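Participant: If you're matching them up, the sequences are chains U and W in order. If you're matching positions, the first sequence starts at 1 in our numbering and goes up one per residue. If you're matching positions, the second sequence starts at 1 in our numbering and goes up one per residue.
Simulated from the structure, these hints should not be mistaken for laboratory data. Zero decoy hints are in this set.
Facing chain U, a subset of chain W residues (Cβ under 7 Å, in silico):
id	residue
1	Thr-32
2	Ser-43
3	Phe-108
4	Gln-110
5	Gly-111
Everything numeric in this text was worked out from a predicted model, so none of it was measured. Just so you know, even glycine gets a beta-carbon here, dropped at the ideal spot from N, CA and C.
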Amino acid sequence: AQTVTQSQPEMSVQEAETVTLSCTYDTSESNYYLFWYKQPPSRQMILVIRQEAYKQQNATENRFSVNFQKAAKSFSLKISDSQLGDTAMYFCAFMRSGAQKLVFGQGTRLTINP
Amino acid sequence: GAVVSQHPSWVICKSGTSVKIECRSLDFQATTMFWYRQFPKQSLMLMATSNEGSKATYEQGVEKDKFLINHASLTLSTLTVTSAHPEDSSFYICSARVAEGMNTEAFFGQGTRLTVV
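So here's chain U without its partners, still in its complex pose:
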């Protein structure tokens, strides 16, 4: 079974700083997808970024980028120029190609301080 581990329960940075959230996963699959979801205080889950395992290039979405290290089974999220609105829980998630279920990590609570 696949597992996703987020080793940082909480993080806090100052506004405009760069922050990196860690995620590791365990799988024997070669084809899969990785995701970062954001859950702000409203509790609405929002997709931040997605990475296909077969793609070597790291995904980027504006201020959000990932460092995907397939061999190390690592998938970290970097938030540049952090904003107050980035304050939220962040969940890393794994999905095997052809499967339906997302496997979530435990989450990292990120606080951006003014």
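Following the hints, put chain W in place on chain U, whose structure we already have.
Facilitator: Same frame as chain U, but now just chain W:
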């Protein structure tokens, strides 16, 4: 992105009664919907996978007779908590997958906070 609407956003019910939560995909057809439960400050726990027109697949440890799931159409899935008890109080979230070619993205409803008194 695609929109998933969940209703109600919050509900309070008396112990022993049943409560129904709806999950609708507003602008796409969802052959598969998922129901999660989330305890405070914890991750999402998958309860069941719901496929249109067939019985839901429940995760281990989830009581299928207590959490009834119906997926009668391509845009609607419902979760009914039967004979609710205070320990069923939680935040319930649904999601639906858009499956178009290689697109495997899942969209989430806004969640339902259930309080059983």
